[in-house]
Amino acid sequence: MTTIDARPATPTRGLSHATRARITTVLTPVASVMAALLVGAVLIAFAGENPVDIYRTMFSEALFTRSGWRETLLQATPLALIAVGLGLGFRAGVWNIGAEGQLIVGAVLSIAVIGSVNDAPGIVLIPLGLVLGAVGGALWASIAGYLAVRHGVNTVISTLLLVFIAEPLLNWAVRSPLKDPESFLPQSRVIGNATLPQMGFLDLHIGFLLVLIVVPVASYVLRRTRFGFLIRAHGGNRFAVYANETRESVMPMAMLVLGGSLAGIAGFIQLAGVQTRVGSGTAAGFGFTAIIVAILGRNDPVGVLIAAVALSAMLVGAEAAQRDSGLPVALVQSVQALVVIFVAAGDAVASRVSARRARRRSRAVLP
Amino acid sequence: MSFDPVPVLAQSDIVTLTFWTAVLASGMRLAVSTGVAAIGEMITERSGVLNLGLEGVMLAGGFAGFAASFESGSPWVGLLAGLLAGAFVGAGFALLVVYLRVDQVVAGLGLTLFAIAFTSFLNREIYGGGTSPPRAPKPGVVEIPVLKEIPLLGESLFSQNVVAYVAIGVVVVIAVALRRSYWTIVIDAVGETPSAADAAGHSVRLVRFAATVIGSALGGLAGALLIVGQLGFFNSNITAGRGWIALALVIFGRWRPGLIVAGALLFGVLDALQFRFQTLDSAVPFEFLIALPFVVTLLALTIGSRSAAAPSALTIPFVRATED
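Heads up: the sequence lines are chains P and Z, in that order. At the far end of the first sequence sits residue 894, using my numbering, and the numbering has no gaps. At the far end of the second sequence sits residue 342, using my numbering, and the numbering has no gaps.
No lab work stands behind these hints, which were simulated from the structure alone. A portion of the hints provided could be inaccurate.
Derived list of chain P stretches under chain Z, where covered just means 3 residues or more per stretch with a C-beta under 8 Å from a C-beta of chain Z [unchecked claim]:
#1 653-659
#2 680-692
#3 698-712
#4 751-757
#5 857-865
The beta-carbon is built from N, C-alpha and C at its ideal position, and this holds for glycine as well.
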């Protein structure tokens, strides 16, 4: 007699399917980082340095010094904020890779307005700046949203092209209308009263607190709300969502606006917490590194926070290594990009292994 | 008053024939590399693989092309190196997305991010990466005596550097070869209905692998054309979005060589105009002109994006019903 049984044939041997999937989710990124660091070691050796010494410098700087901790968390702040938004979008199958441009527009809009009402107290200006940053980033991203919804334009390409439009606009803004008249450099006025206060023993600006709010909120929304359900469903089968839950235009636009506003907020926070002015280096690549952070963090808010801290620790360490031995930071950036490729490859291999295992299981039951 | 040798444009120059002749000639030069990259990407996409790493492939080809022509002193070696570097990177990408079935968007983005950082690292390690980078040898200019005097089109068609002629030749050969050939049908079948191509006895994965390698080889050549044939030096992230414009051109050109080439020429001329208007003392800030090609590309995307010309199986990995 034959029975078709979907359950594992031998439940006592090995781990359950769900546990195995959960382990893969965590193990793949960890293994990918390890593999990328190994490749990095080869590259360091190619550059004529001792990999062990370089890695020791990197990790001792990032992990065992107070300034290393501070710098790591400072850089992790914009990365985590942006990557939470991008990750939710990726989860919904909506690709936004133009956070760099959204960050720029958010920062420019907030300095443009705050620069003209500089006399108000910080308690008014800081919330205003956060709102302006969010509005700027959301507006910029919604251009891609409109093109996607109305004309079917691929958001990967449109969001990226918008970065190449935002960058010259930023350069114009700080050269001409927003330029600080007392400075020779093309840069805006200082943010003044909107400067974020510092706190705690690491002297972090309060923007870091925002990360500690956004991550749990996003996590809750994703897991426990109808919107979170729509995000997950849209990523799985968007046509099912269109058929039963919501109009076709809603989710792509919502995800782009969400990602854009968080990127814009990160722009204001960098401006008011770290850089004090807007200049041509305002975005500093955070928008692109955040893509890596989102993928490494499995598009999950908590994972993103961990990945943001890990990647910014790597960058902080790399800056120390550059100071000490002249090793270009670009090397660590290559290693970080490799992480993305390794994670994706690891996922692909893992899903095939589990498919094969499932088939073997069904063979064990069927004649 | 001034001894500045650079001819500053005056408003009245815009209407002259010389101005437009020069614009067309430099537009042609700018179109060459984007056009070759877009044609390569078109081949890849028609087989069902979306290579979002094109910008990275161009950077790899550009750096390899620069290094090889700088070390050897010959632009030709540079072009060959660019082609090979592109093919090599493309083979790696194809292994990931065709055989391992890695998500094409993630792998493509990863490739671009990696190439931006890695070429910048190599450039710093080997050539210092400073503000005055070493120069690659300039390829010679071929001038066809009488024809180049033809007003308006003469300079663009009959007085280009050798390298540009090669690129134009490559594009023409591919466009003609793709018109009526067995392999076009196979590539299109694999990109439209892979299961039918599979049933007809073609290896879907092998065709996709080959189309990706060929497309990336052209992408690498395009990078080398930009560096060796035009700019003469390498700097970090020097392609500055040209790979992305090429990706957009494929959509705008509806996956057809003729339209893609026309699009590339249009954008080349636009880019050349933009460069020239920057020297013009106009009310428009030059930063707006820099952004202009990207704005137009974005608008152009609204034309081709909903078109049914997109390969049906684009980005979908092929899995036979009987395997996992």
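Practice task
Run the structure past the numbered hints and jot down the numbers of the failing ones, going up.
Solution key: Numbers 1 and 4, in rising order.
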